[in-house]
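Top to bottom, those sequences are chains C and X.
Position 424 of the first sequence, counting from 1, maps to 448 under my numbering, and the rest follow consecutively.
Position 105 of the second sequence, counting from 1, maps to 129 under my numbering, and the rest follow consecutively.
It is worth saying that the hints were derived from the structure and are not from the lab.
One or more of the hints may lead you astray.
Chain copies aren't distinguished; within one or between two, either way the pair holds.
Claimed, not checked - Computed cross-link-like contacts, SDA-like style, restricted to lysine to any residue with a CA-CA straight-line distance of at most 20 Å:
(1) Lys-339 to Arg-65
(2) Lys-299 to Phe-396
(3) Lys-275 to Ala-368
(4) Lys-161 to Ser-125
(5) Lys-373 to Ser-259
Bear in mind that the values here come from a model prediction, so they are computed numbers and not experimental data.
Protein chains: 2
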Amino acid sequence: MSLSYDEYLLSNRDTHLADLKTFLSFPSISALSEHKPDVKRCAEFVASHLTEIGFEHATLMPTAGNPVVYADWLHADGAPTVLVYGHYDVQPVDPLPLWKSPPFEPEIRENRIYARGATDDKGQVFMHFKAFEALFKTNGTLPVNVKFCIEGEEEIGCLHLPDFLAENREKLRADVLMISDSSILGPNQPAICYGLRGLAGLEIHVRTANTDLHSGMFGGGVPNANHALAQILASLHTPDQRVTVEGFYDKVEALTPEERDSYEKLEIDPEDIMKSLDMTALVGEPSYTYLERVWTRPTLEINGMYGGFQGEGTKTVIPCEAHAKITCRLVPNQDPREIQRLVARHVEKCAPDGAQVEVELADAGRPYVTPFEHPAIQLAAKAYEDAYGVPCAFTRMGGSIPIVEDFDKLLRIPVVMMGFGLPDENLHAPNEHFSLENFDKGIRTLCWYYLGLPNALSNPS
Amino acid sequence: MSLSYDEYLLSNRDTHLADLKTFLSFPSISALSEHKPDVKRCAEFVASHLTEIGFEHATLMPTAGNPVVYADWLHADGAPTVLVYGHYDVQPVDPLPLWKSPPFEPEIRENRIYARGATDDKGQVFMHFKAFEALFKTNGTLPVNVKFCIEGEEEIGCLHLPDFLAENREKLRADVLMISDSSILGPNQPAICYGLRGLAGLEIHVRTANTDLHSGMFGGGVPNANHALAQILASLHTPDQRVTVEGFYDKVEALTPEERDSYEKLEIDPEDIMKSLDMTALVGEPSYTYLERVWTRPTLEINGMYGGFQGEGTKTVIPCEAHAKITCRLVPNQDPREIQRLVARHVEKCAPDGAQVEVELADAGRPYVTPFEHPAIQLAAKAYEDAYGVPCAFTRMGGSIPIVEDFDKLLRIPVVMMGFGLPDENLHAPNEHFSLENFDKGIRTLCWYYLGLPNALSNPS
């Protein structure tokens with residue numbers, strides 16, 4: 025072997041950054057229709073760049089919206105196949121005056137590259153391009169088979185990706201799904217996220233009469249929709265915020281001791297959270313730590329509630345309707361449809377006399393976890409450790425990434441979320457940027473990972 | 025005595041109705057500044073009409089807003105003094121297209137007079153004019169001393185009357201306050217209202233953090249303002265809607281057996297209320313009838329509550345603030361300020377961990393009751409019975425009339441609310457009208473009452 029990937033990356037860094045700048049200079053804002061041509065030109069750049077590197081079949085596959093860029097390299101006989109997901113579209117840039125350099129004229133300051141899309145997600149997608157390029161250039165081949173699926177509608181909710189995936193299920197078949205569209209915990213604290221909570225939404229509509237009533241004339245003798253709703257909502261939690269819905273926790277998987285150990289190392293000081301958010305107390309399920317509560321425990325949150333008069337001053341009305349919006353965060357193995365049913369049953373059961381309650385089911389997304397001990401996950405952690413020189417943290421995310429659920433449902437393969445962003449890189453905000461330290465380390469992490477993957481997957485732990 | 029008041033009223037009915045039409049034709053809409061001149065002209069009409077009848081000192085007394093028409097006749101030596109309150113201003117008329125005849129061109133159809141202000145309150149005020157006129161014409165004198173206080177801002181909340189009353193307390197001093205600005209129970213069911221509930225308002229503001237939070241990132245670990253508020257609000261009532269606030273009922277006067285008997289005769293069929301309002305249940309304090317609940321029992325109503333997301337669809341937010349607006353209806357001898365303090369203490373005491381609660385005090389109005397057995401009340405009932413030929417009902421109103429409280433506070437005299445409207449006469453709505461049957465009977469009721477008043481008040485029961 026003439027050249028290591030490390031040496032190759034070092035000696036070609038300037039070219040790579042120049043290419044990244046080109047990628048970042050397309051104003052591929054999917055939310056704004058006037059940028060439709062820019063979105064297309066950006067997709068074309070991705071396809072041609074992938075061809076340039078050595079990938080085959082690079083095409084803009086049409087969807088009902090923006091095209092998906094597909095490319096592959098499938099000549100690693102007997103080796104596993106990796107599907108790399110990412111997106112080339114970006115968020116809008118307003119308020120523009122707050123940007124120190126124009127969002128589509130990438131500028132490097134203090135070893136960070138500033139541009140819309142730098143960290144979300146062009147910069148991270150581009151690292152995979154360069155990792156594979158380095159492996160091609162230094163080995164003449166890749167250790168794994170590779171398929172790219174780089175979409176153009178992530179910032180508008182992946183509108184057409186689920187259909188695209190369903191239609192191209194065979195074409196996209198792989199052994200591992202790789203996503204780099206998230207953050208590590210800090211500049212020197214790499215982390216691999218192996219789980220996301222799911223979502224189950226509902227709306228509660230309470231009606232008590234066919235009209236609002238005057239509290240002077242009727243007060244004391246008729247039901248009040250606000251009273252009924254408050255009673256229903258208050259019945260959903262114990263004082264320490266455990267959900268009281270019957271069966272809610274029945275299918276929740278217990279954490280393994282390894283997971284709890286791993287979180288314990290990361291545990292955040294509650295005082296810090298309280299101080300930064302001006303809170304007088306943190307609340308949550310007893311016998312779980314803060315991180316366990318927000319990453320691994322299911323929740324039920326009243327996102328909105330309203331009934332009656334909200335204007336200035338006093339209005340002596342007995343409201344005849346009141347409403348609440350609720351979402352539950354779910355963890356394995358909770359089923360969103362089942363949880364919706366359980367919550368609906370609870371609400372209907374505890375509706376007080378005179379309250380006519382309607383429960384409307386809303387969003388539903390499955391929780392996702394790639395088993396902690398899966399070799400694709402454990403290898404990712406080792407890859408980080410090799411590049412960063414410190415042990416990698418194992419995390420889950422409290423939020424949902426619906427697209428992960430879509431992939432999981434269709435392909436049933438482990439999902440490796442190796443992010444390289446930092447939490448404060450202003451994604452979706454002015455002055456978005458990406459640390460070039462993580463860009464450099466990240467490409468090496470990926471090279472190390474891809475090189476190790478065939479062996480890891482062939483030796484089940 | 026040459027002529028009875030009854031004969032006089034009969035033979036002058038056409039002239040009286042013509043005068044009433046003139047009174048009703050002034051568009052004295054206090055809410056609309058373009059009608060300021062009409063309001064003034066209407067006040068001038070009232071003053072000159074009172075002079076014509078035989079009253080003295082008729083003047084437009086200025087306030088910071090519309091003038092109060094004052095007039096008196098104080099020559100009944102040794103007899104009690106009656107202060108007659110009413111208002112010459114009216115509500116706006118929109119939506120105009122729904123009126124069958126123009127609102128300021130009074131028209132008589134089926135023995136009802138249609139015009140804005142017909143029942144609220146010009147028609148009822150005018151009955152006092154005609155009652156006194158009839159007594160003047162038939163007796164040459166009045167049995168009581170009389171003071172008129174007819175204001176022009178009732179429909180905009182009696183903006184300047186409290187100041188006016190405070191400044192003219194001595195001038196307005198009287199033994200009985202007479203108000204005809206309400207309804208009887210039905211065409212042949214006269215009623216005397218002797219009590220009004222008071223009001224105590226508060227707003228609750230709950231804060232849990234300095235910003236809304238993402239339920240994916242923070243859910244399960246931090247307080248939610250909606251949860252806290254729902255818990256507080258649900259704690260305010262027992263399931264059967266008794267108020268749980270400590271001390272809330274401590275000063276509530278028990279009903280007398282006579283009062284309960286009197287209400288029992290009027291008791292409404294709960295099925296009728298439920299049917300007309302599409303309710304599945306009536307709720308209220310056990311061991312009180314419907315009318316007792318809405319007339320004589322204190323209440324606490326959540327008039328409004330809101331927190332978090334109210335838009336379409338789902339937003340996975342943990343709201344950092346939530347708000348509620350509350351009013352209590354009060355009965356003798358509850359003190360609004362004390363009730364506000366009790367509720368505030370309850371709210372603060374039961375605020376859950378992490379909830380920073382602020383209670384803001386709002387409107388406060390004292391409950392008012394002229395003792396049921398007061399001769400001025402009992403006489404009013406007899407006057408109705410004489411004119412209508414059926415026993416009079418004794419009622420209270422669940423609502424508040426702040427002006428009654430103002431009069432009561434300043435003058436400390438019994439308030440006699442003798443209304444002659446009907447519940448369905450469209451006050452504040454298109455096609456407002458006033459039954460001429462009640463107009464005719466009402467004037468006779470008032471004549472009978474005023475003639476009997478000196479004797480009733482001189483013989484304490």
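How the hints compare with the structure:
no., hint, in the structure
1, Lys-339 to Arg-65, "neither (57 Å within a copy, 33 Å between copies)"
2, Lys-299 to Phe-396, "neither (32 Å within a copy, 60 Å between copies)"
3, Lys-275 to Ala-368, "within (18 Å within a copy, 42 Å between copies)"
4, Lys-161 to Ser-125, "neither (34 Å within a copy, 93 Å between copies)"
5, Lys-373 to Ser-259, "both (11 Å within a copy, 19 Å between copies)"
Hint compliance for this structure: hints 1, 2, 4 are not met, and every other hint is.
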